[in-house]
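Peer 1: Quick note on this note's numbering: the sequence shown kicks off at 324 and runs consecutively.
For the record, the hints were derived by calculation from the structure and aren't laboratory data.
Some hints here could point you the wrong way.
Unchecked claim - Pairwise CB distance ranges (calculated):
1) Asp-416 to Gln-628: 23 to 31 Å
2) Leu-469 to Gly-404: 15 to 23 Å
3) Thr-366 to Thr-604: 18 to 26 Å
4) Asp-521 to Ser-441: 15 to 23 Å
5) Thr-604 to Val-472: 34 to 42 Å
6) Asn-443 to Asp-619: 35 to 43 Å
7) Pro-373 to Ser-395: 20 to 28 Å
8) Pro-373 to Glu-582: 25 to 33 Å
9) Thr-661 to Gly-404: 23 to 31 Å
10) Lys-550 to Tyr-419: 34 to 42 Å
11) Val-558 to Val-525: 23 to 31 Å
12) Ser-441 to Gln-620: 31 to 39 Å
13) Ser-499 to Gly-406: 35 to 43 Å
14) Gly-616 to Ser-499: 20 to 28 Å
Unchecked claim - Below 25 Å or equal to it, Euclidean Cα-Cα: the simulated SDA-like pairs (lysine to any residue) are:
15) Lys-594 to Gln-606
16) Lys-560 to Asp-583
17) Lys-370 to Thr-415
Note that the structure is a prediction, hence the values are computed from the model and not measured.
Just so you know, even glycine gets a beta-carbon here, dropped at the ideal spot from N, CA and C.
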Amino acid sequence: MWKSRRGHTCFIASTMSLLALLMMVLYGFMNSLQADDQQLLQTPLYKLDPSWPKNPERFTGPVFAVAVNPLSGLVYVAQRGEGVPKVLVFSTDGDYLMSWNTTTLEMPHGIFLANATSLNPTVWITDVGDGPYGHTIKQYSPKGKLLQVLGTAGKAGSGLDPLQFDQPAEIFVDESGEMYIVDGDGGKNNRLIKLSKDLKIVWMHGEKGQGLAQFNIPHSVTVDGAKRVWVADRVNKRIQVFNSITGEWLGTWGSCFTEDAPYSVRLTPNKKYFVVVQLNTNQITLLSAPPVGLIDQCKVASVIQLAEDVKPHLVDLDYNTGALYVAEIGAQQAQKFTPFSLGESFL
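Please construct the entire structure, taking both the sequences and the accompanying hints into account.
Peer 2: Shown next as C-alpha cells:
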C-alpha cells in the first residue's frame, strides 16, 4: 500500500515537472512569436528620399494632394493659399517644371491621374471651395487647361440630376473610365458614387451613420484588381469595402484605427499592401492586402512615423518604381519615399 502511494506521488511530481517544462517552452515560443511580430512591424518597407524635390521653396501653401504620372515621370502637387499656384508640377527626379496659375481652381482637395499609363492622361481635381467654381470635380489637361466640370459650380447640393456635390473629397478613375467618388469632406453629403464612363450613376451609398455602408466623411477611395472598392471612412475610423460591380458591402476594417482615422488609401504596385495615412498621429501605415474572396481583419505590416505636426493628408504611388509620394498639410510640402531593397519587389 505504501509503495503504491509512493509511486503515485512520484508520478504526479513527474507529471507536474513535465507540465512546468512544457509551459516554459510554450512561454518562450509565444515570446518568440511576439518578438517576430514586433520585428516585422519595425521592418521599414520605405525610406525617405531627402533629395526630392530639388526646389522645396516652390511649396508656398498647405499641400493637400499628390498624383504621379509614371509614363512621363511627372508629379502633380495640389496646394492651397491666397495668391499661390494651386498645382505644382515636378519630375520624379525632383526638378521643378511648371505651375498652374488657373483661376478655375479654388480649394483643391484630392487629385487623380486618369489614364496615367497612356499617352493622353488627364488630371482630375476635387474642389471644396465655396466660391463660383467650388463644390465640383474638374478635369484638366496635363498643362492645366480646363476640359470638363462635374457638379454644379458654386452651388453645394445633393442632387443627382443634375449631379451636385458638397465638398467632394476624392475621385478614382479605373482603366475602363468608370469613376468612384467620395462626396463629403464635411458638407451635407456622405456618399460613395459610381459613375459610368458616360457619367451615368451606376450605384450609390449615401447615408450618414455608423452602420454598414453608411459614412461619416468618406475621405479617400481606391479600387483593387479584384474589383473591390476601398473607402477611408474618416470619422468612423474604418475602411469599408464594396463590390465595384454591384455596390454590395463586403466588409470593414476598424481594428487598426483605434488611435486615429484613415485619411488616404492606395494600393502598392505589387498589390500586397494598402498605404493608409493617419493625419493626427502623423503616420503612414502599410496594411497587408487580403487575397481575393477574403476581407478578414486588417493587419499592420509596417509603419512610417513622421515628425510631429507634419499632418500627412493624401498619397499616391509611382507604378513604375513603387515610390510613394505624400502630401503634407502641416509641413506644407510633399515628400517622396522609395522602397527598401528587402528581396521583395514592389512592382
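Peer 1: Please name the hints from earlier in the document that this structure breaks, with their numbers sorted from lowest to highest.
Peer 2: The structure conflicts with no hint, since it agrees with every one listed earlier.
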